[in-house]
Amino acid sequence: MSTRSTLAKVKNDIYQPYLARIVKVLPQIQDHLLFQLKFEDPRMASNFTHRPGQFVELSVIGSGEAPVSISSSPTRPGIVELCVRKTGRVTNALFRLPLNALVGVRGPYGNGFPIDKLEDNNLLIIAGGLGMAPLRSLLWYALDNRTKFKDIILMLGAKTPGEILFKYELLKLIDRPDMKCLLTVDKDEEGIWKAHFGVVTKLFDYVELDPATTYAALCGPPIMYKFVLKELLKRNFSKDRILMSLERKMKCGVGKCGHCSIGYKYTCIDGPIFTYWDAINLPEMVE
Amino acid sequence: MLFYQNLRRDLVKTMQILKLDKKNLNEFIFSLNDFGEVHAPVKKGDKQFVFSKLTDFSKIKLEYTRTILPPKKYFHPPTDTLFKFSQEEGYQSLTEELRKKYVIFGLHPCDIYAIKILDLIFAGEFVDDRYFIRRKNVAIIGLDCIPDDKCFCRSMRADFVEDGFDLFLSDIGNSYLVRVGTGRGDDMVRKTQDLFKEVNKKDITEYKRRSDEKKNLFKVDIELSDLPEIMDLEYESKVWEEIGKECLSCGSCSMVCPTCYCYDVFDEINLDANHGVRKRQWDSCLFKDYALVAGGHNFRAERSLRVKNRFFHKQRGFVAQYGRPSCVGCGRCIEACPAKIDIIEVINRIRGAKL
Ligand SMILES: Cc1cc2nc3c(=O)[nH]c(=O)nc-3n(C[C@H](O)[C@H](O)[C@H](O)COP(=O)(O)OP(=O)(O)OC[C@H]3O[C@@H](n4cnc5c(N)ncnc54)[C@H](O)[C@@H]3O)c2cc1C
Ligand code: SF4
Ligand code: SF4
Ligand code: FES
Numbered sequence: 001m002s003t004r005s006t007l008a009k010v011k012n013d014i015y016q017p018y019l020a021r022i023v024k025v026l027p028q029i030q031d032h033l034l035f036q037l038k039f040e041d042p043r044m045a046s047n048f049t050h051r052p053g054q055f056v057e058l059s060v061i062g063s064g065e066a067p068v069s070i071s072s073s074p075t076r077p078g079i080v081e082l083c084v085r086k087t088g089r090v091t092n093a094l095f096r097l098p099l100n101a102l103v104g105v106r107g108p109y110g111n112g113f114p115i116d117k118l119e120d121n122n123l124l125i126i127a128g129g130l131g132m133a134p135l136r137s138l139l140w141y142a143l144d145n146r147t148k149f150k151d152i153i154l155m156l157g158a159k160t161p162g163e164i165l166f167k168y169e170l171l172k173l174i175d176r177p178d179m180k181c182l183l184t185v186d187k188d189e190e191g192i193w194k195a196h197f198g199v200v201t202k203l204f205d206y207v208e209l210d211p212a213t214t215y216a217a218l219c220g221p222p223i224m225y226k227f228v229l230k231e232l233l234k235r236n237f238s239k240d241r242i243l244m245s246l247e248r249k250m251k252c253g254v255g256k257c258g259h260c261s262i263g264y265k266y267t268c269i270d271g272p273i274f275t276y277w278d279a280i281n282l283p284e285m286v287e
Numbered sequence: 288m289l290f291y292q293n294l295r296r297d298l299v300k301t302m303q304i305l306k307l308d309k310k311n312l313n314e315f316i317f318s319l320n321d322f323g324e325v326h327a328p329v330k331k332g333d334k335q336f337v338f339s340k341l342t343d344f345s346k347i348k349l350e351y352t353r354t355i356l357p358p359k360k361y362f363h364p365p366t367d368t369l370f371k372f373s374q375e376e377g378y379q380s381l382t383e384e385l386r387k388k389y390v391i392f393g394l395h396p397c398d399i400y401a402i403k404i405l406d407l408i409f410a411g412e413f414v415d416d417r418y419f420i421r422r423k424n425v426a427i428i429g430l431d432c433i434p435d436d437k438c439f440c441r442s443m444r445a446d447f448v449e450d451g452f453d454l455f456l457s458d459i460g461n462s463y464l465v466r467v468g469t470g471r472g473d474d475m476v477r478k479t480q481d482l483f484k485e486v487n488k489k490d491i492t493e494y495k496r497r498s499d500e501k502k503n504l505f506k507v508d509i510e511l512s513d514l515p516e517i518m519d520l521e522y523e524s525k526v527w528e529e530i531g532k533e534c535l536s537c538g539s540c541s542m543v544c545p546t547c548y549c550y551d552v553f554d555e556i557n558l559d560a561n562h563g564v565r566k567r568q569w570d571s572c573l574f575k576d577y578a579l580v581a582g583g584h585n586f587r588a589e590r591s592l593r594v595k596n597r598f599f600h601k602q603r604g605f606v607a608q609y610g611r612p613s614c615v616g617c618g619r620c621i622e623a624c625p626a627k628i629d630i631i632e633v634i635n636r637i638r639g640a641k642l
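In the order they appear, the protein sequences are chains A and B.
Residue 1 is where the first sequence starts when you use our numbering, and the numbers rise one by one after that.
Residue 288 is where the second sequence starts when you use our numbering, and the numbers rise one by one after that.
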């Protein structure tokens, strides 16, 4: 029925998901899996790159799309890693897929961390909960470009050791001499936890921070932001040197559908990374 | 030398403004069929109008006020199928419908202005080709209008357009002044060249007289220049709560707004569970679940926040991003709201004007 001209492709369809294969699934904590994806198209597989803090729109064929942060570092190309929490329609469908199944991926989207600005500074990464997903990309980017950064500090808080994402990978970092990896939990019923106890802000006691040469990158639940921000301001951090990732509902990821708006900004293109200064100046953020 | 002078004179002669006798309008519109399927405002029910396919010239309503749905439906349809998908073949974009050609006759300046606003959104860093392919295939013929009590396009600086149309017709009594805006508009005119005449001094005087007269017909006048600041100052105003109580979250205001573009995306799957389509559909920021995320958190759970967001985005946020409001003052949301929420009144209340 269709003639040739009507079948002509929309060139560069911005909504086009590219097929990627689930080549490996690594169990994390309960209801969280790390998916390793490889694009089917070899050109996409070798050309795809991103900035830490960016995300992709992940499609599960027949279920829909959801935004997911890229957990892998662009310094390790070829495989895209996504750490996903099972929660609704798309993520549940994803968890049901067998190994080697195909999914759709488009992106990367969002601004990501301002890497150029971060370089030559100390990097303080503060994570809670699923916040480690985007921050892991930044962490490995910095470690793989170690000479470009001054001190690298990771602070991570969780309720129990069983709730720490990337736990074994992070535990290994504790012994690394060229960074400081501080992990803390509220409690450990098994009694084998060797690192810190208490809330994440207690970890500030173990570091010396020069606010003039340090950038803080935060991602975690709202309650974590509240206390960590207080701590950073107390230490005279400029609001421009505090970077945080904000989450809103997303449908398109490319600044068209409207869903991710905060005040005048669209989280998907103006964010998801905002400086604290920008964040408090978004009208809808006065909370 | 003479050759160039003649050429110049020819160029000036084929200049941008011509005249079309009203008695020739039907013949002209008929000729537009060569450029696409002609759509025009026709009556629906007693008092309402819609843009729809023109099948009978007598149905065309040149003196219409506003159509129920704005012309955005031609570029950003209420539902749009983006892809078909299957386990085997992945996602394939569907483009069959995009290439159909239309000529929409009779758009008012505010509606043309609104399309220019939509262009800003669908362009940007990520260009929405579906929108722009349709945009290219739809010719626009503007028509001037007489404001009613719900029109405030003049306040929103959208009562006059310089571009965004192929042709624009202004009533000067027994004929129309026809401004030619694009090469396609020029093709349209040349196709029926005999119907068009040169504009004379009297026509210009009449045009100016009517244009002047129109200014005085607006019953609404909103001061725009300090509105952003006033909205910031009144961010916590009780007015938002009051309007929140009245609003029914029905979303009609968004559907009928010529500059609202928000959409939802969803997949529809066939019974075989293997094939399906991905669609997008107009959405409204007034709907309860608009900002609801997985796990149950709603970033705008209260109606007052959603209402406030709509007005702020139109009258404040868009100014910050693009230097003008995204409202063009067409009055459609006033006409459509079942709770009688009136954007003019809301702005006046925020401004503290005595009503
Ligand atoms: C920038 C960004 C990065 C994210 N990174 C991750 C990550 O690395 N790992 C992870 O597990 N989750 C991440 N999320 C959250 C993730 O997008 C939601 O959990 C997911 O959309 C839920 O989809 P669902 O279909 O399973 O749930 P449903 O409740 O069925 O959601 C339906 C649809 O609503 C939208 N939606 C619902 N919740 C959210 C939400 N929280 N954020 C954005 N859109 C939403 C999506 O379009 C989704 O498909 C991120 C969100 C954002 C905005
Ligand atoms: S907000 Fe109302 S008056 Fe303004 S453009 Fe939209 S529908 Fe028209
Ligand atoms: S049309 Fe009126 S009642 Fe319906 S959502 Fe808009 S403001 Fe609320
Ligand atoms: S997700 Fe659609 S505009 Fe941001």
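Just so you know, these hints were derived from the structure itself, not from any lab.
This structure is a prediction, so every number in the text was calculated from the model and none was measured.
Glycine included, each C-beta is placed from N, C-alpha and C at the ideal position.
Wrong hints could be hidden among the right ones.
Here chain B is said to cover these stretches of chain A; the calculated rule only asks that three of the stretch's residues, wherever they fall, bring their Cβ under 8 Å from a Cβ of chain B [to be verified]:
(1) 183 to 192
(2) 244 to 251
Below, a list of computed lysine to any residue pairs in the SDA-like style, where the Cα atoms sit at most 25 Å apart [claimed, not checked]:
(3) B:Lys371 - A:Ile262
(4) B:Lys575 - A:Arg89
(5) A:Lys226 - B:His584
(6) A:Lys226 - B:Asn585
(7) A:Lys226 - B:Gly563
(8) B:Lys371 - A:Met285
(9) A:Lys86 - B:Asp551
(10) B:Lys575 - A:Leu99
(11) B:Lys403 - A:Lys226
(12) A:Lys38 - B:Ser380
(13) A:Lys86 - B:Gly563
(14) B:Lys371 - A:Lys226
(15) B:Lys371 - A:Ile22
(16) B:Lys532 - B:Asp629
(17) B:Lys371 - A:Lys230
(18) A:Lys86 - B:Tyr522
(19) B:Lys566 - A:Phe39
(20) B:Lys627 - B:Gly538
(21) B:Lys525 - A:Ile262
(22) A:Lys230 - B:Phe586
(23) B:Lys423 - A:Arg89
The following label-pair restraints were derived from C-beta to C-beta distances [what the hints assert, rightly or not]:
(24) B:Gln480 - A:Arg89: 55 to 65 Å
(25) A:Arg89 - B:Gly323: 33 to 43 Å
(26) A:Arg43 - B:Glu314: 46 to 56 Å
Verification of the supplied hints:
1. 183 to 192: With 0 residues in contact (Cβ-Cβ under 8 Å with chain B), the coverage given for the segment 183 to 192 of chain A is violated.
2. 244 to 251: holds (count 4)
3. B:Lys371 - A:Ile262: 32 Å, violated
4. B:Lys575 - A:Arg89: Cα-Cα ~19 Å, so holds.
5. A:Lys226 - B:His584: 18 Å, holds
6. A:Lys226 - B:Asn585: Satisfied, since the Cα-Cα distance of roughly 19 Å is no more than 25 Å.
7. A:Lys226 - B:Gly563: Violated. A:Lys226 to B:Gly563 sits at ~44 Å, over the 25 Å cutoff.
8. B:Lys371 - A:Met285: Between B:Lys371 and A:Met285 the Cα gap is close to 38 Å, so the pair fails against 25 Å, i.e. violated.
9. A:Lys86 - B:Asp551: Holds - the C-alpha atoms of B:Asp551 and A:Lys86 are around 22 Å apart, at most 25 Å.
10. B:Lys575 - A:Leu99: 37 Å, violated
11. B:Lys403 - A:Lys226: 42 Å, violated
12. A:Lys38 - B:Ser380: 22 Å, holds
13. A:Lys86 - B:Gly563: Holds - the C-alpha atoms of B:Gly563 and A:Lys86 are around 23 Å apart, at most 25 Å.
14. B:Lys371 - A:Lys226: 44 Å, violated
15. B:Lys371 - A:Ile22: 21 Å, holds
16. B:Lys532 - B:Asp629: 14 Å, holds
17. B:Lys371 - A:Lys230: 49 Å, violated
18. A:Lys86 - B:Tyr522: 37 Å, violated
19. B:Lys566 - A:Phe39: 24 Å, holds
20. B:Lys627 - B:Gly538: 13 Å, holds
21. B:Lys525 - A:Ile262: Distance ~21 Å between B:Lys525 and A:Ile262 Cα, so the pair holds.
22. A:Lys230 - B:Phe586: 23 Å, holds
23. B:Lys423 - A:Arg89: Violated: B:Lys423 and A:Arg89 sit about 37 Å apart, past 25 Å.
24. B:Gln480 - A:Arg89: 55 to 65 Å: 59 Å, holds
25. A:Arg89 - B:Gly323: 33 to 43 Å: 40 Å, holds
26. A:Arg43 - B:Glu314: 46 to 56 Å: At 55 Å between Cβs, range holds.
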